[in-house]
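> Chains as they are written, first to last, in numbering that gives the first Met the number 0: chain A, 0 to 146; chain B, 0 to 146; chain C, 0 to 71; chain D, 0 to 71.
Simulated from the structure, these hints should not be mistaken for lab results. We put the CB at the ideal spot given by N, CA and C, even for glycine. Treat the hints loosely; a few may be bogus.
[Said to hold, decoys possible] Here are the computed lysine-lysine pairs in the PhoX-like style, where the Cα-Cα straight-line distance is at most 20 Å:
#1 A:K94 <-> B:K124
#2 D:K59 <-> D:K48
#3 B:K132 <-> C:K48
#4 A:K29 <-> B:K50
#5 C:K40 <-> C:K27
#6 B:K124 <-> C:K48
#7 B:K25 <-> A:K94
#8 A:K107 <-> A:K132
#9 A:K124 <-> B:K107
#10 D:K59 <-> A:K124
#11 B:K124 <-> B:K78
#12 A:K7 <-> D:K47
#13 A:K110 <-> B:K110
#14 B:K124 <-> C:K27
#15 B:K124 <-> A:K110
#16 B:K132 <-> A:K107
#17 B:K110 <-> B:K29
#18 B:K94 <-> A:K25
#19 A:K107 <-> B:K110
#20 B:K29 <-> A:K94
#21 B:K124 <-> A:K107
#22 C:K47 <-> B:K7
#23 A:K50 <-> B:K25
#24 A:K124 <-> A:K7
#25 A:K25 <-> A:K107
#26 A:K29 <-> B:K94
#27 A:K50 <-> B:K132
#28 D:K40 <-> A:K132
[Stated by the list, open to error] Derived DEER-like restraints, expressed as beta-carbon distance ranges:
#29 C:I61 <-> A:H6: 52 to 58 Å
#30 B:N66 <-> D:S12: 27 to 33 Å
#31 B:M46 <-> C:N57: 26 to 32 Å
#32 C:N46 <-> B:D48: 34 to 40 Å
#33 A:V77 <-> B:G91: 37 to 43 Å
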Amino acid sequence: MTEKKKHKVFIQGAITPTFIADSIAKHSGKTTIGAHDIFLGQVRNDMIDHKTVAAIEYSAYEEMAENLFHEIREAIFVKYDIVCMHIYHSLGLVKTGEICLFVFVSAKHRKNAFDACHDIVEQIKAMTPIWGKEIFEDETHTWKINN
Amino acid sequence: MTEKKKHKVFIQGAITPTFIADSIAKHSGKTTIGAHDIFLGQVRNDMIDHKTVAAIEYSAYEEMAENLFHEIREAIFVKYDIVCMHIYHSLGLVKTGEICLFVFVSAKHRKNAFDACHDIVEQIKAMTPIWGKEIFEDETHTWKINN
Amino acid sequence: MVFGQLSEIINASELALLAINNTNELNKILFELYPILEEMKFTIAVNKKIIHENTPLNHKDIVALLPPFSGG
Amino acid sequence: MVFGQLSEIINASELALLAINNTNELNKILFELYPILEEMKFTIAVNKKIIHENTPLNHKDIVALLPPFSGG
Chain A
0 MTEKKKHKVF IQGAITPTFI ADSIAKHSGK TTIGAHDIFL GQVRNDMIDH
50 KTVAAIEYSA YEEMAENLFH EIREAIFVKY DIVCMHIYHS LGLVKTGEIC
100 LFVFVSAKHR KNAFDACHDI VEQIKAMTPI WGKEIFEDET HTWKINN
Chain B
0 MTEKKKHKVF IQGAITPTFI ADSIAKHSGK TTIGAHDIFL GQVRNDMIDH
50 KTVAAIEYSA YEEMAENLFH EIREAIFVKY DIVCMHIYHS LGLVKTGEIC
100 LFVFVSAKHR KNAFDACHDI VEQIKAMTPI WGKEIFEDET HTWKINN
Chain C
0 MVFGQLSEII NASELALLAI NNTNELNKIL FELYPILEEM KFTIAVNKKI
50 IHENTPLNHK DIVALLPPFS GG
Chain D
0 MVFGQLSEII NASELALLAI NNTNELNKIL FELYPILEEM KFTIAVNKKI
50 IHENTPLNHK DIVALLPPFS GG
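All chains should be modelled from the sequences, with the hints used to inform the complete structure.
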């Protein structure tokens, strides 16, 4: 099963728990689903050179990122037996403790949900043109580096 | 970091999206967290011998299960570098499309969150004395078998 | 204590059996009372711990018959 | 188009450079204009595809300089 249309991924600001709850609730009608795996990225108050991160400001090469999200999606449906998947990523300012990434994979059985979700998160981190500017409490900044 | 006190795991009936949202929101103050992995088990409308599952009624050997949840928890904190973890499992009737299991693991980095969450789910399925009675639409039933 | 599908066969969630010395003896008596149990998979827990070999039983021990788990 | 920390160095999110034939030539001009770029990691995308070797450029191609990604 593949879904061909492009889905909206970028959300302005933080992803709220209510938004996540609504996404979960929408799946109660899909009764072939037995397992969901949800990954959430949360902004940490990392200490860098004695300064504490207060927020991350995300920017992206949006058109290119959207193409890549679409390619990731198509490949995941080929590789894993899943029912549906959703990716949401913040743009703009997300404060420490707030959520900036929400990956949601649903499958009949848990193994496909786990494996596909993990795979998607790694691909997002490695392949998509998104940048996080870490804003310190004193309003200076540095550029985030993914590991 | 270990948390010694026993946590309440069993919930009467389905686990609601609102309950999940509240659990997520409670973690916004824990700013060392960078990654959450959430597993949700949802009741499927499986077809068994031409009859469709309408609900699962869960029962458990509660005192023994609670001891085991506590042991699983202690071992997970030793094995993985995580900040916190929560397990919730339904008792009683959960209809198809509703959620019966909620495992929530938070860590500084994603790998520990993913690995610990997956490990916990497998241990719950294999080790804890919980039984699901699959109720068909015609009110007959069979006993669920985990794979 | 008896759980899951076993409680349907035994038709009770608790069973009073007197003067049983160990879990092998318990199995023997259960199989006599409920021959169908011989065809079923179950494990025995004594005081909330699953036992893997013959285990002595005392008057106050809590014994549970556990069919295959199906949580989650 | 220029993104992330590179847009701070170049001090713009778009850059107009005329008559460049290929991406090797582009790199050479960029390093002359902004010597610090030689010390920075970045990849080049032409028409939203990352290129891995020298690529011819036409007038209408959209070229983007991408510093290391840090989404998620």
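> Each hint should be assessed against the structure and marked as holding or not.
Against the structure, the hints:
Among the hinted pairs, K94 of chain A with K124 of chain B is inconsistent with the structure: their alpha-carbon atoms are about 37 Å apart, more than 20 Å. Annotation: proposed proximity of K59 of chain D to K48 of chain D holds, straight-line Cα distance about 15 Å (limit 20 Å). With a C-alpha separation of about 23 Å, the suggested pair K132 of chain B and K48 of chain C falls outside the 20 Å cut-off, and the hint is violated. For the hint pairing K29 of chain A with K50 of chain B, the CA-to-CA distance comes to about 18 Å; that is within 20 Å, so the pair holds.
This hinted pair checks out: K40 of chain C and K27 of chain C have alpha carbons roughly 15 Å apart, not beyond 20 Å. For the hint pairing K124 of chain B with K48 of chain C, the CA-to-CA distance comes to about 17 Å; that is within 20 Å, so the pair holds. Distance hint between K25 of chain B and K94 of chain A is fulfilled; the C-alpha atoms sit about 15 Å from each other, no more than 20 Å. For a cut-off of 20 Å, the pair hint linking K107 of chain A to K132 of chain A is broken: about 38 Å separates their Cα positions.
Among the hinted pairs, K124 of chain A with K107 of chain B is consistent with the structure: their alpha-carbon atoms are about 16 Å apart, no more than 20 Å. The straight-line distance between the Cα atoms of K59 of chain D and K124 of chain A is roughly 30 Å, outside the 20 Å bound, and the hint therefore fails. Distance check on the hinted pair: K124 of chain B and K78 of chain B sit about 19 Å apart at the alpha-carbon level, within 20 Å; holds. For the hint linking K7 of chain A to K47 of chain D, the alpha-carbon distance of about 18 Å falls within 20 Å, and the restraint holds.
A C-alpha spacing of about 16 Å is found between K110 of chain A and K110 of chain B, which places the hinted pair at or below 20 Å, so the restraint holds. Taking the CA atoms of K124 of chain B and K27 of chain C, the gap is near 29 Å; set against the 20 Å cutoff, the hint is violated. At most 20 Å may separate the alpha-carbon atoms for a hinted pair to count; K124 of chain B and K110 of chain A meet this at roughly 13 Å. For a cut-off of 20 Å, the pair hint linking K132 of chain B to K107 of chain A stands: about 19 Å separates their Cα positions.
Between the alpha carbons of K110 of chain B and K29 of chain B the distance comes to roughly 18 Å, so the proposed pair stays at or under 20 Å and holds. Proposed proximity of K94 of chain B and K25 of chain A is supported: the alpha carbons are some 15 Å apart, at most 20 Å. Among the hinted pairs, K107 of chain A with K110 of chain B is inconsistent with the structure: their alpha-carbon atoms are about 24 Å apart, more than 20 Å. Between K29 of chain B and K94 of chain A the CA atoms are separated by roughly 12 Å; this keeps the pair inside 20 Å, and the hint holds.
Annotation: proposed proximity of K124 of chain B to K107 of chain A holds, straight-line Cα distance about 16 Å (limit 20 Å). With a C-alpha separation of about 18 Å, the suggested pairing of K47 of chain C with K7 of chain B holds against the 20 Å cut-off. Our distance criterion of 20 Å between C-alpha atoms is broken by K50 of chain A and K25 of chain B, whose separation comes to about 25 Å. Distance check on the hinted pair: K124 of chain A and K7 of chain A sit about 18 Å apart at the alpha-carbon level, within 20 Å; holds.
Straight-line distance between C-alpha atoms of K25 of chain A and K107 of chain A comes to about 16 Å, which keeps the hinted pair within the 20 Å bound. Between K29 of chain A and K94 of chain B, the direct Cα distance comes to roughly 12 Å. Compliance with the 20 Å bound is thereby established for this hinted pair. At most 20 Å may separate the alpha-carbon atoms for a hinted pair to count; K50 of chain A and K132 of chain B exceed this at roughly 55 Å. Between K40 of chain D and K132 of chain A, the direct Cα distance comes to roughly 16 Å. Compliance with the 20 Å bound is thereby established for this hinted pair.
Distance hint check for I61 of chain C and H6 of chain A: the Cβ-Cβ separation is about 53 Å, which falls inside the suggested range of 52 to 58 Å. Hint check: N66 of chain B to S12 of chain D, Cβ distance near 59 Å, so the stated range 27 to 33 Å is violated. A hinted range of 26 to 32 Å is violated for the C-beta pair M46 of chain B and N57 of chain C, which are about 47 Å apart. N46 of chain C and D48 of chain B have their C-beta atoms about 38 Å apart, which keeps the hinted 34 to 40 Å range intact.
Remark: the range hint 37 to 43 Å for V77 of chain A to G91 of chain B is upheld by a beta-carbon distance near 40 Å.
Violated hints, listed in ascending order, are 1, 3, 8, 10, 14, 19, 23, 27, 30 and 31; each of the other numbered hints is respected by the structure.
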